[in-house]
Structure formats: structure tokens, C-alpha cells
Amino acid sequence: MSATEAGAAAAPTPKYTKKDFESDQDVRWCPGCGDYAILSAIQKSMPDLGIPKEDIVFVSGIGCSSRFPYYMNTYGFHTIHGRAPAIATGLKVARPDLKVFVVTGDGDGLSIGGNHMLHVLRRNVNVTILLFNNRIYGLTKGQYSPTSELGKVTKSTPLGSADRPVNPLAFALGCGATFVGRTVDRDVKHMEEMIKRASAHHGTAFLEILQNCNIYNHLTWNVVYDKESKAAHELRLEHGKPLLFGPVDDRHALVMEGAQPKVVRAKDVPESALWVHDETKVNAAKLLADLWTPDYPIPTGVLTAIEAPVYEDIVLEQEQRAISERGPGDIAKLLTSGDTWKID
Amino acid sequence: MSESAPPVAGGLKTRRDIERAVVRFAGDSGDGMQITGEQFTIESAVAGSDLATLPNFPAEIRAPVGTLFGVSSFQLQFGSQRVYTPGDRLDMLVAMNPAALKVHLSDLKPGGLLLVNTEAFEPGNLKKAGYPSDPLDEPALAERYRLHKVDMTGLTMRALADLPLSAKDKERCKNFFALGLVSWIYTRPLEPTLESIQKKFAKSQVIADANTRALKAGHAFGETAEIFTESYAIEPAEMAPGLYRAMTGNRALAWGLLAAAQRSNVPLVYGAYPITPASSILEELAMHKRFRIRTIQAEDEIAAVTAAIGASFGGAIGVTGSSGPGIALKGEGIGLAVTAELPLVIFDIQRGGPSTGLPTKTEQADLMQAMYGRNSESPVVVIAPATPGDCFYIAYEAVRIAAKYMVPVMVLSDGFLANGSEPWLIPDAATLPPIELHFRTEKEGFFPYLRDPATLARPWVRPGTPGLEHRIGGLEKQDVTGNISYEPENHDHMVRTRAEKVRRVAQEIPPTTINGPVAGEVLVVGWGSTYGSITAAVERAQADGKSVASIHLRHLNPLPPDLGHILREYRRVLVPEINSGQLVRVLRAEYLVDAVGFNRVRGLPLASDDIHDAISQLLGDH
Numbered sequence: 025m026s027a028t029e030a031g032a033a034a035a036p037t038p039k040y041t042k043k044d045f046e047s048d049q050d051v052r053w054c055p056g057c058g059d060y061a062i063l064s065a066i067q068k069s070m071p072d073l074g075i076p077k078e079d080i081v082f083v084s085g086i087g088c089s090s091r092f093p094y095y096m097n098t099y100g101f102h103t104i105h106g107r108a109p110a111i112a113t114g115l116k117v118a119r120p121d122l123k124v125f126v127v128t129g130d131g132d133g134l135s136i137g138g139n140h141m142l143h144v145l146r147r148n149v150n151v152t153i154l155l156f157n158n159r160i161y162g163l164t165k166g167q168y169s170p171t172s173e174l175g176k177v178t179k180s181t182p183l184g185s186a187d188r189p190v191n192p193l194a195f196a197l198g199c200g201a202t203f204v205g206r207t208v209d210r211d212v213k214h215m216e217e218m219i220k221r222a223s224a225h226h227g228t229a230f231l232e233i234l235q236n237c238n239i240y241n242h243l244t245w246n247v248v249y250d251k252e253s254k255a256a257h258e259l260r261l262e263h264g265k266p267l268l269f270g271p272v273d274d275r276h277a278l279v280m281e282g283a284q285p286k287v288v289r290a291k292d293v294p295e296s297a298l299w300v301h302d303e304t305k306v307n308a309a310k311l312l313a314d315l316w317t318p319d320y321p322i323p324t325g326v327l328t329a330i331e332a333p334v335y336e337d338i339v340l341e342q343e344q345r346a347i348s349e350r351g352p353g354d355i356a357k358l359l360t361s362g363d364t365w366k367i368d
Numbered sequence: 002m003s004e005s006a007p008p009v010a011g012g013l014k015t016r017r018d019i020e021r022a023v024v025r026f027a028g029d030s031g032d033g034m035q036i037t038g039e040q041f042t043i044e045s046a047v048a049g050s051d052l053a054t055l056p057n058f059p060a061e062i063r064a065p066v067g068t069l070f071g072v073s074s075f076q077l078q079f080g081s082q083r084v085y086t087p088g089d090r091l092d093m094l095v096a097m098n099p100a101a102l103k104v105h106l107s108d109l110k111p112g113g114l115l116l117v118n119t120e121a122f123e124p125g126n127l128k129k130a131g132y133p134s135d136p137l138d139e140p141a142l143a144e145r146y147r148l149h150k151v152d153m154t155g156l157t158m159r160a161l162a163d164l165p166l167s168a169k170d171k172e173r174c175k176n177f178f179a180l181g182l183v184s185w186i187y188t189r190p191l192e193p194t195l196e197s198i199q200k201k202f203a204k205s206q207v208i209a210d211a212n213t214r215a216l217k218a219g220h221a222f223g224e225t226a227e228i229f230t231e232s233y234a235i236e237p238a239e240m241a242p243g244l245y246r247a248m249t250g251n252r253a254l255a256w257g258l259l260a261a262a263q264r265s266n267v268p269l270v271y272g273a274y275p276i277t278p279a280s281s282i283l284e285e286l287a288m289h290k291r292f293r294i295r296t297i298q299a300e301d302e303i304a305a306v307t308a309a310i311g312a313s314f315g316g317a318i319g320v321t322g323s324s325g326p327g328i329a330l331k332g333e334g335i336g337l338a339v340t341a342e343l344p345l346v347i348f349d350i351q352r353g354g355p356s357t358g359l360p361t362k363t364e365q366a367d368l369m370q371a372m373y374g375r376n377s378e379s380p381v382v383v384i385a386p387a388t389p390g391d392c393f394y395i396a397y398e399a400v401r402i403a404a405k406y407m408v409p410v411m412v413l414s415d416g417f418l419a420n421g422s423e424p425w426l427i428p429d430a431a432t433l434p435p436i437e438l439h440f441r442t443e444k445e446g447f448f449p450y451l452r453d454p455a456t457l458a459r460p461w462v463r464p465g466t467p468g469l470e471h472r473i474g475g476l477e478k479q480d481v482t483g484n485i486s487y488e489p490e491n492h493d494h495m496v497r498t499r500a501e502k503v504r505r506v507a508q509e510i511p512p513t514t515i516n517g518p519v520a521g522e523v524l525v526v527g528w529g530s531t532y533g534s535i536t537a538a539v540e541r542a543q544a545d546g547k548s549v550a551s552i553h554l555r556h557l558n559p560l561p562p563d564l565g566h567i568l569r570e571y572r573r574v575l576v577p578e579i580n581s582g583q584l585v586r587v588l589r590a591e592y593l594v595d596a597v598g599f600n601r602v603r604g605l606p607l608a609s610d611d612i613h614d615a616i617s618q619l620l621g622d623h
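First to last, the protein sequences are chains A and B.
Going by this note's numbering, the letters in the first sequence line up with residues 25 to 368, in that order.
Going by this note's numbering, the letters in the second sequence line up with residues 2 to 623, in that order.
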């Protein structure tokens, strides 16, 4: 039992800097990869978590994003393709005291590991999932991914892909996720804020990070990179604030028309008719998750953050109850319980 | 013989002493044959018999009533001498319906006792069983066997006539009538069953009363009806003194883990996905949370093994269990544990294959999968229990080796061991070897792949240990530092090191026990659940003065260090297996010995008579 598990953590958490979280390994992503900015944002966010670095574990699967743990000076486990959520579930059941991050990508997390992603979300295991979405398979050199747009021309789809993409946020919400957010690799400040928010959530936090693959899918997220486009289309969600977006001189608003969100000129509607963002309303988050250009803005920020029972909390609670009611297990007693007979 | 024979008041019946008997209860899957057999097992154990059991049931949960594929059976052999197997041929068959008769009659010895429930032999059931006419009317049946036609349903209904139960509920008690009758025939005590009925039906006294009455009615029927002229007595077997319990293989595996968890004093995480015949391990473990056993019913087989690996990474004991199809899915995960050098225990409760195969039937055909069924060279330790009770020690040993060597350990049990039971001498838990877990906390000189010189194990570090933060993974790594390495010489070195680490486990293997002469004509080599069949066959051959010995391997990878020497001390080597020759290939490859296989892949344990014949053939004296 570790000190923290025993509730005896007496020493205050040291004052860390970003440098404390940098490992001695050479970073091997392609020059210009969006992963560098994400790595930097995560390393920068770590000191603010207030968690001893020996209690932090990064678990990943396979893919460019999954090299991540090697570059963090914490505990890390680079596992196999798609299975990081399942590894993390076992780790958290064994060690609820640890702070566990899962780093994954669109292929790792939503294709080969889609099933595990579904189940970690519905169980609400207390882990922070960072899904780097670049809409391409980078490590295998440029095949289309489950988030690639329909008709995507890649090496494996010379005439365009025939399958429709999955929407990571809508998927997560459909799985019963209790925290769902989106941020962008080129918006460092927002990224740091989102990483901290996600990390502080009790339960599974699902954070999609729109990430640039400058080799195989350059500027796939240009709609939120390009300054003008970003100003026109990004809808920054803030709890308690109305859903407004667009340039300052031409603000647009989201309102509900029946069961359908509708974009209107902000000045055309009374303030009371504006849709005010409420992170505790999962139904609203489900509507927001589906929004995308050209008809709608692109939401970033926290779509939902709610409280729900956490898997390993229940597992541990059952164990503690069994022990407090009947005492710790004793194999010698168990072996001689029930129907036995003696031979002299 | 008449089914309504008048009772003989106080009739004196002879009681004959016999050494052993093989009895099979067979009926529709809804007839309660499994519980009947289990109760008869307990009665026999309490009477001091040695015994072995073979439950056999269809994969369908509620197979259509009366059909051939819906037949469920439970066989046991009990006796006053050592009993190694559930028996090959039957001394008694209880057939609750025509389908059961059709499926099982060929296993009954000529002159054997045949008890049938006449009520079920009606046109509908006869047709479903494929009988053009009632086989009970064939004179040949009564000539060939000692046929007892009893209207067990009718007699049960009459015994329960005044109870406030539906006709259907009353009818369902007929299996206890059969049990009462067979208990009388073999002089088995009813008390264990009476107690068990009270416990099992504690919620409904009237159901408990009905079953009690049916049991007693069956017993009284044997005693008083004049159709049964004799009963049988079996002296208690000479068994090691001590406290005994009935033990099935799957429960023993679970309890072995409980013992290991308690002794090692860390949580044990068992990840599993429901699969026949392994599910009962998950269910058993889930009942024992007080032992800090944390069960995860995972979303699939891959999640089950990877959750266990995650737990091991966290410093708990990670265990997963499945059957062959599930082990196939776990392959990549097991490879991760091999290269991450983390402890992991994998139970493979083998069943008939390929693919879905025969889910409820036994087989030993996963040995090659256990040894080689992963990409590249990913050696794991492979061990196999010999009997249901041995599963307890094997599970415990698996945890001990996995933790000591930082290596995956595969346990090859099978459907026969999983569900079969034996009277088991309860061990003194204090005598189990210690499980020493070393979690490194020392910062000085730490590297993730620094090796213990004796075991080659790398240090196990619990996340949460300050100053020892490190990263491991599935990529090849440099020895000692654990840094990613694509260097050719290093890879060659790591491949050899992982293999050598598994080979070092040989130092844990005790000298091989030889059952028979230390040199001679024939050595029979077995592994896993064939222990009983082989031992019975070999001891029979020895009793006939043949120069035959047997050894039974509990360690399959690595093999025992003395095995090569032993094999060369016999003129011929015979390897019986429930597969088409897997261990025999390993032995031939490893030791250049001209071993021959004896192979039957029928979904059933090997018959000891057949092994005996194979030994005779090899001796050239058939």
C-alpha cells in the first residue's frame, strides 16, 4: 500500500516546473508536428495539478501520439494498439490512488480501440483521456482514419474513402461520458486550460485535441487555424455564458428552433432568447457535439462535465464493505468451510 | 419385472461387497442430473470412498426437451481402492428418458444395472430419440442388462400427493427419487443430501419437504420393492488421514489465487470475459472480495488480459482466465507482458476446437498455442494441473513463479478438470511456500531492466515510488536501461534473455516422480487431466507384471531438467494426449527420442482401457 493509498501523504507536493516533467529521451516526432505543442502544453500544465509526479502515469496505445509517455518524466506505459483504456482500467482498479492519463489518437482510440473507449467511458473510470485527432494514420504513413472525411483520398483510398467519419465528441457522449471537451493544438493557452479542467474531473474525462499532421494531412483543421476563419467559426464554450461567436462587429448566436439549433445574428434576438451554455446539461452537449461548418460554428471548450458513480470507487467500496462486515479473507478458514469429512 | 411390484414387508435382501462401481445418471438437461450426480458424489465421499467424476452437459442452456442433443449426464466412479478416473464402462446407467438411453446405453457393461424411468417412454419422447418402437419392450434389452423399469415419475407424484404443489413442481422431484433409489443400491448415506436439500431450498420449506420425501421414497422403494434383490457395499478406501472436501478444478484454481493473494498481501486483479468452461472461476472469485480480489468482467478477451497487465504494472497480481478461443484473442496482450517483463497469470481452460468447437467438452489441444501461439519469439512459462485438487497448487505456483521471474505463466487446465471433482485432502495453508514480492524502492543504481543474476528478473517498481519514474512498453528496449533500441545485437541479446529467463524457471521444478521402475520397456509420459486414465492403465499393466512406468509433467515449459535422462532409460516412450500429438512433438524435438503418441480427440477423457491396450501394443504382446 502506498503512502497515498493509506491516506498518510504528509509531505506537501513539491513546487515543480515544466522541466521536471521532461524526460531524457529524444523526441522523435516529425519536425513541425502538432504533437510538440501538445507535449509542451501538458508538461506546462503538470505543475499546476498539485500531484506528486511519482503518482502520475501516462498510458498509451500505438501510433504517433502513443509515443507520448516516453517524453514525460513520470511513470509511463506504451502498450499495444487500441488497448490503453483497458490497461488503464486494470491499473486504476489495482491502484485508485494514481493519477492516470491515457494518450491516444483517432485510429488507436476510435478504430482498433473503439470498443475499449466505449467501455472505459460508460464505466466512468477515473482517467483523463487525451485523444489527438489528426484525421489520418501517420505512423503507418498516410492511410485514412475513422475521423477522415468521406471521400478522403489517401494511399489506401486512391479514389476516395467510402466510409463516413465518426464524430469523437458525439461518440463519447453516446457512451455516457461524464466530461467531454475539445481544444486545438495551435491554441496553447486554451489547451493548457482544458488539460487542467479534464485532469481535475472525477471520472472519465474525454478531451479531443485537434492536431496537425504536417506530413500526411497538413492543415486539416485550417478552419480553426486560419485567423480569419477561426474568428468566424469557432464557438468558445463557457459555462453560464451565451453561445456567441463570430467577429466582434458581426456576432452570431445560437438559438433553439424547435429541436434544431439555429444560427442567428446576435443583434436580431433579445438577450433572453440566447442559448446559455450549461455544462451540466448532457442533452445540450449532444446537440453541440454535432455542430460543424459550414452550417454551424465549431464548438471548443467543455461541452459537458457531470458527476456520476466512478467504477473503481464502487469496486473498492464493495471490498471495504466485505472486509469491514466479515473481516479480511482467511484461506485456512475457507478451506475447511462447508461440507467436509474426516478420515482417520 | 413389474414397475408396480408390491413391497416385500421386511424382506431380507443380500448385500454384496464390491470394490468399485461406475454409475452414470443421464436425463434431459431439465431433469437435474448434475445436482443428482453432485449429491451422489458427496454421499460417496462421506461414506469414505475414493472417487472421480465426469459431468457432461450440452452447450445449450435449455435444449429442446427429450432430444438427443439435450441429454445431460453425470458419471462417477467410487471405490475402496484408489480411484483415478470416472471409469470407462458403466456398472450402472440411470436413464430418465429415451434419449438418455439411446445416447448412453452403449457404455453400459453387459450385465450392468439399467434403471429407466418408464413414464418418460411415451410416443413423443420415443420419436424424438429416434426409436421406432419402445426399446423397453425388446426382450434383448432385459437379456443383455439387468433392466429395472420403474415409473419414477408416478411414484414421486404419489409420494407427494398431499403436498400443496403444482403437478409440475412435484414431477421435478423425480431426480431425488432416483438418487434415493441408487443410494440404497450402493449403501450410500442419505444425510448429506438431506442437509443439502434443507440448505438449497431454505426459502421454500414445501419444496424442501417435497425433495426430502422423494429422496426417502426412492430409498424405501429400493428396500421394499421386491424387484431389487441385492444391494452393494463398498469398504471405505484407504486414504491419507485428514480433513477432506470435494473439490472441482475451477474452484481450486480460484482458491489457489485467494491463497496467493493472502500470502503475498497485495491485491489481485482478475480480468475475464464470460466463456465456457472458465466462467465459474470469475464467479467464484467475485464472491471473495474480502481477500482483496478485484474482478473485472471486461468488455472482451483483449481487455481482460490488458486490464490484468495494467494491474501488474501497478504492483498488483494480474490474472486473466479463458478458454482456447479467448486465449487466441489475448495473444498480443500476452506478448506485451513478455516484453514488458511483468508478472501475469493466464488460465486456459481448454475445450474442443477449432473455433467455437465443443464448448462444454474437454480437450488438450492448446499446448502448442500456449507455447508458441504469439507473434515472434515470446516464450512464457507453461504449467498444467493433473487433477481437480491439483489446480489449487498450480494456481498458487503460477503466481509465485510469475512474480519471482517477472514473466507470464500459462496454466493449462481443461473442461474435465474444471467441472470434475475429487475428494481433496485439505492442505495446511501455513505449509504453502512463501510468495516473496520485491518492490524496488532504492533509487541508487536503478534501471528498469537491471536483472537479478539468479532469475534474470527485472525490478518491479510500483508507480508512486518517488525517484523511480520510468517508462516501459512494447517496443524493443535496450537491456538494463530499458530505452527504446533498434540495435541488431541488442535485439538478439534480448530475444535470448527472454528465453533464458523462462528456462531458469527449471530451477523451481522438483525431481520428477516416476511411477514404476526407473528403467524398463515402456515409459508413459502424460500431462494435464489424463493423469488418472494413464495412472490406472499403467498400474494395471504393472499388476500384470509388465515393465512399464509413467511420469506426469506439471511443467511443460520449461520441461523438468531430469526429463531427458529419464526418457533414455526406457526402450519405448508412449505419450497419450487428447489432441493429435502435441507434447509428443515437443519431446521428439527437444530430446531426439522416438516417442510415439496415443491420441483420441473425442471431447472426452481418454479411456484407461484404451491406454492399457496401447501400452500392450507397444510391448508387442497384444
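Calculated from the structure, these hints are not laboratory results.
Careful: at least some of the hints might be erroneous.
Derived SDA-like pairs: lysine to any residue, alpha-carbon spacing no greater than 20 Å straight-line [what the hints assert, rightly or not]:
| # | chain 1 | residue 1 | chain 2 | residue 2 |
| --- | --- | --- | --- | --- |
| 1 | B | Lys201 | A | Thr364 |
| 2 | B | Lys290 | A | Leu358 |
| 3 | A | Lys366 | B | Val47 |
| 4 | A | Lys357 | B | Glu172 |
| 5 | B | Lys217 | B | Glu172 |
Original post:
Given the hinted pair lysine 357(A) and glutamate 172(B), is their alpha-carbon gap at most 20 Å?
Top reply: Between lysine 357(A) and glutamate 172(B) the Cα gap is close to 39 Å, so the pair fails against 20 Å, i.e. violated.
**OP:** Verify the proposed pairing of lysine 290(B) with leucine 358(A), using a straight-line Cα cut of 20 Å.
**Re:** holds (13 Å)
Original post:
Do the alpha carbons of lysine 366(A) and valine 47(B) lie within 20 Å of each other, as the hint requires?
Top reply: Satisfied, since the Cα-Cα distance of roughly 8 Å is no more than 20 Å.
**OP:** Given the hint that lysine 217(B) pairs with glutamate 172(B), test it: the Cα-Cα distance must not exceed 20 Å.
**Re:** Between lysine 217(B) and glutamate 172(B) the Cα gap is close to 15 Å, so the pair holds against 20 Å.
Original post:
Are the Cα positions of lysine 201(B) and threonine 364(A) separated by 20 Å at most?
Top reply: holds (17 Å)
The earlier numbered hint that this structure contradicts is number 4, and it is the only one.
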